[in-house]
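> Sequence:
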Amino acid sequence: MTTHSRGVSATIDPVKLDRLAEVAIKVGLQLQPGQDLVLTSSIAALPLTRRIVEHAYKAGAGLVTPIFNDDEMTLARYRFGADASFDRAAGWLYEGMAKAFSNNTARLAVRGEDPSLLSAQDPAKVARANKANSMAYQPALEKITGFDINWNIVAYPDLAWAKQVFPGDADDVAVAKLADAIFAASRVDVEDPIGDWKAHNAALRGRTEWLNGHNFHALHFTGPGTDLTVGLADGHEWMGGASTAKNGITCNPNIPTEEVFTTPHARRVEGHVSSTKPLSYQGTLIDEISVRFEEGRIVEAKASKGEDVLKKVLDTDEGARRLGEVALVPHSSPISASGLLFFNTLFDENAACHIALGQCYSKCFVDGASLSQDEIAARGGNKSFIHIDWMIGSDKIDIDGVHKDGSRVPVMRKGEWA
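Going by full-length UniProt numbering, the sequence shown runs without a break in its numbering and finishes at 418.
A few of these clues could be false.
[Claimed, not checked] With a cut-off of at most 30 angstroms between alpha-carbon atoms, the simulated DSBU-like pairs for lysine-lysine come out as follows:
| hint | residue 1 | residue 2 |
| --- | --- | --- |
| 1 | 177 | 312 |
| 2 | 163 | 312 |
| 3 | 125 | 396 |
| 4 | 125 | 177 |
| 5 | 26 | 246 |
| 6 | 198 | 305 |
| 7 | 246 | 99 |
| 8 | 58 | 26 |
| 9 | 16 | 302 |
| 10 | 125 | 312 |
| 11 | 246 | 312 |
| 12 | 99 | 302 |
| 13 | 396 | 305 |
| 14 | 177 | 198 |
| 15 | 125 | 305 |
| 16 | 404 | 383 |
| 17 | 198 | 246 |
| 18 | 125 | 58 |
| 19 | 125 | 26 |
| 20 | 383 | 311 |
| 21 | 396 | 311 |
| 22 | 302 | 198 |
| 23 | 246 | 396 |
| 24 | 177 | 305 |
[Claimed, not checked] Cβ pair distances, simulated, as ranges:
| hint | residue 1 | residue 2 | range |
| --- | --- | --- | --- |
| 25 | 33 | 416 | 15 to 23 angstroms |
| 26 | 66 | 404 | 43 to 51 angstroms |
| 27 | 403 | 91 | 40 to 48 angstroms |
| 28 | 225 | 199 | 29 to 37 angstroms |
| 29 | 76 | 404 | 52 to 60 angstroms |
| 30 | 83 | 367 | 30 to 38 angstroms |
Calculated from the structure, these hints are not laboratory results. Even glycine gets a Cβ: it sits at the ideal position worked out from N, Cα and C.
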């Protein structure tokens, strides 16, 4: 395969790749002059990451600090690492990141790893490493879920990922197809991506304003394998698209994004629900999830694939069996309309309505920035070391908004806004 001088596969459009880097800095982060940036990326995503760093400095960044990971190095740990090491994580690194975030450093993640990287590894080791990492990451994660700073995630079409999405295609064809899908979903395949994002953010804001105006007590989801009532937290607030962090900077945390989301009441979820797409979690594919809730807690959980990893995840801590997010996405969203399964939550969650196990977003409360952890918990906000989204929406799902007096308002019918 021929490559350009900057290491970009010839099958990836360099103009659109550069636009994605620019959008990550100007729309995703709205990085401010003099602001530092901590960047995480896989080695495979270097062509995009280099362009992001370039656009960051052009936008007046202070210091950009990149932290890289590599699939082969990750596998080396599982093949040769001492058993005791799987209960440990680099806490010092995450403490440093948390300290950086406390000093108003922005955060950007470039994603593109192999979704099935760890599928052949010992699930017990994977679960132990995930738990240790989640616990060590908590000080930094709290700054993200609390929306203290501007942060953003974008994606790069890595070969291993592309081959999972397009298994029947030659390597270069698969990468080209995934690149095009990423560019389209990220809205950089148009002449004016920044203007396009402005219009898209305005449309999402219209949805959140309608939902906040209704201030529903609960949402009721019905469809095949699903009859679920999700109570909404007291004083919850719907968000979507561009949001303003506590540091005053308006950013788009996820590129792409099609969702509006809020905080459920961790103790008021009842019924059963089935996943509508597989979940790719830390290198394990978990498929056909089916769970039952009582008083907010998952009391039964099954999956046709990856069930052992799912059950270990649910045992991470007390909050892991409760919900921290509920999000609405129309079935006709561009990512859903593409018909692709990306095996990547950043994309697949924007193809369907979803719920997240674990940690809530404290920003999804009216005046959330001023609430203490105890006040958030009292209003129904969940606390956990994990935050894992999985998809429950399709063109067969209906959703009603339920008011406190029991009256109902159609929110979605057959997966579309009612």
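> Confirm or reject each hint.
Evaluation of the provided hints:
1. Distance restraint check for residue 177 and residue 312: the Cα-Cα separation of roughly 35 angstroms exceeds the 30 angstroms cut-off, and the hinted pair is therefore not satisfied.
2. Simply put, residue 163 and residue 312 have alpha-carbon atoms about 28 angstroms apart, close enough for the 30 angstroms limit, and the pair holds.
3. Straight-line distance between C-alpha atoms of residue 125 and residue 396 comes to about 38 angstroms, which puts the hinted pair past the 30 angstroms bound.
4. A C-alpha spacing of about 34 angstroms is found between residue 125 and residue 177, which places the hinted pair above 30 angstroms, so the restraint is violated.
5. The suggested pairing of residue 26 with residue 246 holds, with an alpha-carbon distance near 18 angstroms, which does not exceed 30 angstroms.
6. Using a Cα cut-off of 30 angstroms, the hinted pair residue 198 and residue 305 is violated, with the two alpha carbons roughly 40 angstroms apart.
7. Distance check on the hinted pair: residue 246 and residue 99 sit about 16 angstroms apart at the alpha-carbon level, within 30 angstroms; holds.
8. The suggested pairing of residue 58 with residue 26 holds, with an alpha-carbon distance near 11 angstroms, which does not exceed 30 angstroms.
9. Proximity of residue 16 to residue 302 is assessed by CA-CA distance (about 41 angstroms); at most 30 angstroms being required, the pair is judged violated.
10. Between the alpha carbons of residue 125 and residue 312 the distance comes to roughly 11 angstroms, so the proposed pair stays at or under 30 angstroms and holds.
11. Proximity of residue 246 to residue 312 is assessed by CA-CA distance (about 34 angstroms); at most 30 angstroms being required, the pair is judged violated.
12. Restraint check: the Cα-Cα separation between residue 99 and residue 302 comes to about 39 angstroms, which exceeds 30 angstroms; the hinted pair is violated.
13. Annotation: proposed proximity of residue 396 to residue 305 holds, straight-line Cα distance about 23 angstroms (limit 30 angstroms).
14. The hinted pair formed by residue 177 and residue 198 meets the criterion: a straight-line CA distance of about 26 angstroms does not exceed 30 angstroms.
15. Proposed proximity of residue 125 and residue 305 is supported: the alpha carbons are some 17 angstroms apart, at most 30 angstroms.
16. For the hint linking residue 404 to residue 383, the alpha-carbon distance of about 25 angstroms falls within 30 angstroms, and the restraint holds.
17. The straight-line distance between the Cα atoms of residue 198 and residue 246 is roughly 21 angstroms, inside the 30 angstroms bound, and the hint therefore holds.
18. As the CA atoms of residue 125 and residue 58 are separated by approximately 43 angstroms, the hinted pair breaks the 30 angstroms bound.
19. Pair hint residue 125 plus residue 26 does not hold up; C-alpha atoms about 39 angstroms apart against a cutoff of 30 angstroms.
20. With a CA separation close to 18 angstroms, the supplied pair residue 383 and residue 311 stays within the 30 angstroms bound.
21. The hinted pair formed by residue 396 and residue 311 meets the criterion: a straight-line CA distance of about 27 angstroms does not exceed 30 angstroms.
22. With a CA separation close to 41 angstroms, the supplied pair residue 302 and residue 198 exceeds the 30 angstroms bound.
23. Restraint check: the Cα-Cα separation between residue 246 and residue 396 comes to about 38 angstroms, which exceeds 30 angstroms; the hinted pair is violated.
24. For the hint linking residue 177 to residue 305, the alpha-carbon distance of about 27 angstroms falls within 30 angstroms, and the restraint holds.
25. Hint check: residue 33 to residue 416, Cβ distance near 42 angstroms, so the stated range 15 to 23 angstroms is violated.
26. Restraint check, residue 66 to residue 404: a C-beta distance of roughly 49 angstroms satisfies the suggested window 43 to 51 angstroms.
27. The hinted range of 40 to 48 angstroms is satisfied by residue 403 and residue 91, whose Cβ atoms lie roughly 45 angstroms apart.
28. In this structure the supplied range 29 to 37 angstroms holds for residue 225 paired with residue 199, their Cβ-Cβ distance being about 36 angstroms.
29. For residue 76 paired with residue 404, a C-beta distance near 55 angstroms keeps the hint of 52 to 60 angstroms intact.
30. For the hinted restraint 30 to 38 angstroms between residue 83 and residue 367, the CB-CB distance of approximately 47 angstroms leaves it violated.
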